[in-house]
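**Student:** What follows is each chain in one-letter form.
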Amino acid sequence: MESLTEFLAMDRYGAYVWPSYLLATLIMSGLWLSTRARLKRNETELRQLEHSTEDQA
Amino acid sequence: MSVLHRFANPNRFMRLATAILPWSAGLTISGLAIGLYLALFVSPPDYQQGESVRIMYVHVPSAWMAMFIYTGMAVASLFSIIWRHPLADLAAKASAPIGAAFTFLALATGALWGKPMWGAWWVWDARLTSVLILFFLYLGHMALMNAFEDRERGNRAAAILALVGFVNVPIIKFSVDWWNTLHQPASVMRLDGPTIDPSMLWPLLIMGAAFKFFYLTLLLLRIKSELLEARIRKHRRLMVDAA
Numbered sequence: 001m002e003s004l005t006e007f008l009a010m011d012r013y014g015a016y017v018w019p020s021y022l023l024a025t026l027i028m029s030g031l032w033l034s035t036r037a038r039l040k041r042n043e044t045e046l047r048q049l050e051h052s053t054e055d056q057a
Numbered sequence: 001m002s003v004l005h006r007f008a009n010p011n012r013f014m015r016l017a018t019a020i021l022p023w024s025a026g027l028t029i030s031g032l033a034i035g036l037y038l039a040l041f042v043s044p045p046d047y048q049q050g051e052s053v054r055i056m057y058v059h060v061p062s063a064w065m066a067m068f069i070y071t072g073m074a075v076a077s078l079f080s081i082i083w084r085h086p087l088a089d090l091a092a093k094a095s096a097p098i099g100a101a102f103t104f105l106a107l108a109t110g111a112l113w114g115k116p117m118w119g120a121w122w123v124w125d126a127r128l129t130s131v132l133i134l135f136f137l138y139l140g141h142m143a144l145m146n147a148f149e150d151r152e153r154g155n156r157a158a159a160i161l162a163l164v165g166f167v168n169v170p171i172i173k174f175s176v177d178w179w180n181t182l183h184q185p186a187s188v189m190r191l192d193g194p195t196i197d198p199s200m201l202w203p204l205l206i207m208g209a210a211f212k213f214f215y216l217t218l219l220l221l222r223i224k225s226e227l228l229e230a231r232i233r234k235h236r237r238l239m240v241d242a243a
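Chains as they are written, first to last, in this note's numbering: chain A, 1 to 57; chain B, 1 to 243.
Treat the hints as calculated values from the structure; they're not laboratory data.
Note that this is a predicted model, so its numbers are computed, not measured.
Mixed in with the good hints there might be a few duds.
Quick list of the computed label-pair ranges, beta carbon to beta carbon [stated by the list, open to error]:
id, chain 1, residue 1, chain 2, residue 2, range
1, B, Arg231, A, Asp11, 51 to 59 Å
2, B, Asn146, A, Ala37, 15 to 23 Å
3, A, Gly30, B, Trp179, 30 to 38 Å
4, B, Trp118, A, Arg47, 48 to 56 Å
5, B, Ala143, A, Ala37, 16 to 24 Å
C-beta: ideal position from N, C-alpha, C; glycine also.
The following block holds chain A by itself, in its conformation from the complex (with noise of 0.2 Å):
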């Protein structure tokens, strides 16, 4: 238990150390979910589209 403490303390920069992975972490996890996001809407809206354009058709 000291010893994860003592990790998480990283001698006394624990302040600047933790939040540069915690931003780091969110960022990089922002881009993806979004741009995962943003595929699945597309994919999902050309399928509706092409299923109406066939009905037209």
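Given chain A, work out where chain B should sit, using these hints.
**Tutor:** Chain B in isolation, oriented as in the chain A frame:
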């Protein structure tokens, strides 16, 4: 040129992207896992900077990405302007938000590193200021792409901005040699080889590679998205014409 134009065909690009994506995603995940393990648990504290040096393993790869992606955008813009390669504009458009995010990350983690080491979150020196300018160039590119009713004009304006703004990239790279600064000089990409100890160099290089594969993965997915959006627009136009 002919090789590049082969991939101008959207279907061919889609097939290539589908083939690359599992590899780039797998290398991103394994690279990040190994890199983070080495960075946080294996690499030693620095003899001067202590444990704060671990910020380097996210700060430096982010800064590399900031410059790498902008360079890629400048190359894509050249292809767009000179050879009118149809995927070049899409690649630049897909890259800009990723580049902006990494530039922001480099600036923010730099501030978090600067505060304990320099005693300041921010200084207006050449390195930090030129990276801030890079961030605004990315934002400007994103704004220009969407500023015109005519898509072609927006692409062209953004491509010109990317090319003109490229002058900033060597300024960033050499700013630490040309001007006085608190920022450390280059210790990895130097003509006389890296001066950084292998116990720190390896985690840094692995994190750097993982970030590159992450960018490649996102880039392919975002270009795919752009191609789908083009098809959606085409369908919409057909429906309007039919009605």
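**Student:** Give a verdict on every hint.
**Tutor:** Here is what the structure says about each hint:
Roughly 55 Å separates the CB atoms of Arg231 of chain B and Asp11 of chain A, a value that falls within the hinted 51 to 59 Å. Checked against the hint of 15 to 23 Å, the pair Asn146 of chain B and Ala37 of chain A passes, with Cβ atoms roughly 19 Å apart. Hint check: Gly30 of chain A to Trp179 of chain B, Cβ distance near 34 Å, so the stated range 30 to 38 Å holds. Here the CB-CB span from Trp118 of chain B to Arg47 of chain A is close to 54 Å, well matched to the stated 48 to 56 Å.
Hint check: Ala143 of chain B to Ala37 of chain A, Cβ distance near 22 Å, so the stated range 16 to 24 Å holds.
Checked against the numbered hints above, the structure violates none of them.
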